[in-house]
Amino acid sequence: MTRATQGAIRLDPDLPARSDLRGTGHATFGAEPRRVALSRSSILFLLIVAQAVLARAIFLVPTIGLAQAVFIVGLILYAAARRSAELFLLLAAYLTGAEIVWRQARSPVPYQLAPYLMILISVLAVILLFPSINGLGRRALLYVGLLLPSLALTISATSGNARQLIAFSLAGPFAIAFLVVWLSQVGVAPWLYRRLLWTMAIAGVGPLTVAVTNLNDYLGTGEQLVFSDASNFTASGGFGPVQVSSSLGLTVLACILLTLVEPEFLNRVLAGLVGFAAGVQSLLTFSRGGMFSTAFAVAALALVIANNPQGRRRVATVVVIVFALGYFVVIPRLDAFTQGAFKERFTNTESGRTDLATSDVDVFKRNPIFGVGPGMTKYQRLSYEVCELRNDRCADEASSHTEFTRMMSEHGTVGVASMVVLLSLAWAAIARADQDRFLPVAFIIWALAQMFYANIRIVAVAFAFGLAFVQVIREDDPEVDPATPAPPGSPVIAPAHRAGPTGDPSSASV
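So for the sequence shown, my numbering puts the first residue at 93; every next one is plus one.
Please note that a few of the clues may not be correct.
Unchecked claim - Here are the in silico distance ranges between beta carbons for each label pair:
#1 PHE260 - GLU315: 32 to 38 Å
#2 PRO202 - ARG425: 37 to 43 Å
#3 VAL215 - ARG425: 18 to 24 Å
#4 ALA142 - ASN253: 39 to 45 Å
#5 GLN431 - GLY312: 29 to 35 Å
#6 ALA159 - ALA416: 29 to 35 Å
#7 GLY432 - ALA142: 35 to 41 Å
#8 PRO401 - ILE423: 42 to 48 Å
#9 VAL412 - ASP447: 34 to 40 Å
#10 ALA142 - ARG255: 35 to 41 Å
#11 TYR208 - PRO401: 41 to 47 Å
#12 LEU240 - GLN402: 33 to 39 Å
#13 ALA523 - ALA428: 43 to 49 Å
None of these hints come from the bench; they were simulated from the model.
Built from N, CA and C at the ideal position, the CB exists for glycine as well.
Throw the hints in and build the complete structure from the sequences for me.
Structure representation (structure tokens):
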């Protein structure tokens, strides 16, 4: 084992690294990157600072967010021209945080731009890099194909003004489907997988910075910040606490995984600090789902790693540190800062989501075949026509927050079938991973927990679900640097396949 893999979890350390990846339909992304003068830790620290500065600038001048979006589109086109699989992957990972910053800053970009770009990246990657769609990809297309018949109901009910409703309801599922079509064919070298995790973590610094600085700005005015039994918009950067806390929760998960797989101690500390800050701010939003989803994912990850001595020690260390900091430092300070509201909020298990889910089931019973159409659940008490005549457009009418019951109410029996297909995809992502199973388990559990809590309202949920299909493939286990760029023209991808019990390309861990 080289220095680049020391400290990383190896679930089967006696298994030799795979050096021949010339299998049928197999491609591996991640050639050895070139060296640069700065250390990895220095580069990562500078990237974190740069992301924080950029996020603050976007919040203060929202049009900078538009410029960033245009730049990202340019990078996507550049990646397509160069057929750069690595750049496609990193751009997709970065969108998980960029989307939330755009929404926090209210940048003049389309609300659903991030899922649109995620779909664009996936389509371009498949067209340019792969000769065909595999079985998992076809199953993913079936998942969204089952949702199409109900579109006619929305179109007929809204007199053709259905685009926004349909886009809001189906952008997430379509992003999941096309990401699975793409990423189920992708295998990456360990250093590139770590780079993907770092990209997600650094992207998450954006929403974290906006939330922290917005809270600081408010406190700087001398106003008393009042916390109640509801989520807090001020601590969320002035935007929806559910989405912000979810994004920060994924940042925490990425950082926890980095503490497990990063080969250098200083980088593990850096990831831990970012994750700690994101976790504290996620809790301050008073939106419980963000950290609860992460807790479920980490618990599932720990169960998977439990049989491996090295992994068990590393996970136990992380759990002990997190518990000690949380119980003895974070919770007492947060409770004091919120005048006791923190404990009351997080010990209260009541939620309006149960009532919304029950309402979804009632709608399904009345419309069992194709449901009421995407986006139409909220118009069951007051019709769409009535809401269009009201000044508030029925803004206070609650819509479903649970993806699984939403599929029932909006798409009927075919929606239930689509959920069965989605769950079969989740199982397939975990089953095909073999040694590195803790990675897809963490992302699948996080994504599914988010779907139970907040639908697929942020593109991070779709990306996490898709990332679970990426397989980690070790060639000669070179000493590589996950924080430095790859040389131009270097090969970066390989379609993932199962090579058999003695030559499985996923046999080596990150």
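Non-conforming hints, listed in increasing numerical order: Checked against the structure, the hints that fail are numbers 3, 5, 6, 8, 12, while the rest are satisfied.
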